[in-house]
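The C-terminal residue of the sequence shown carries number 131 in numbering that gives the first Met the number 0, and the numbering is unbroken.
Heads up, some of the hints might be wrong.
List time: in silico DSS-like cross-link candidates among lysine-lysine, alpha-carbon distance up to 30 Å [to be verified]:
| hint | residue 1 | residue 2 |
| --- | --- | --- |
| 1 | Lys67 | Lys110 |
| 2 | Lys91 | Lys110 |
| 3 | Lys91 | Lys74 |
| 4 | Lys110 | Lys54 |
Bear in mind the hints are in silico, worked out from the structure with no lab data behind them.
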Amino acid sequence: MPGESQNLEGVIAKVSFELVNERILDENLINKLLGVLSHHGVYAMWLFAKSEFAKGERRNKKDALMNKMKEILEKISPIEEGERVNWESYFKELSSQDLPQLLFTKTLLEKLLTYARYHAKAMGESGGDGNG
0 MPGESQNLEG
10 VIAKVSFELV
20 NERILDENLI
30 NKLLGVLSHH
40 GVYAMWLFAK
50 SEFAKGERRN
60 KKDALMNKMK
70 EILEKISPIE
80 EGERVNWESY
90 FKELSSQDLP
100 QLLFTKTLLE
110 KLLTYARYHA
120 KAMGESGGDG
130 NG
């Protein structure tokens, strides 16, 4: 299939745009997720996202976020197919895997969130003029 050969860079660029364009993430939450990921790692970012998306109006966006992230994550490590992915188990298992796999995943997620932040700035998500 032609779409399956798309490289990771292209998938990351597409998903980062969709996260902002579909208003799944705003600039503030992107910055928080990126900070937790950078300082505390992949599993901590998942826990933070889980807690943030348990709140009020964001609750219905958790599945949308995870479906978008799945487009990237499934290209580097297998994700169980089924009605619902057990993300808790996925991130625990990922954190216990070999270090290179974990670091590669962290790098990809950092790139995803960094691109999303730039998209948010360019689209004026923060309420500014996109220059800041």
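Go through the numbered hints given earlier and state which of them the structure violates, listing their numbers in rising order.
none
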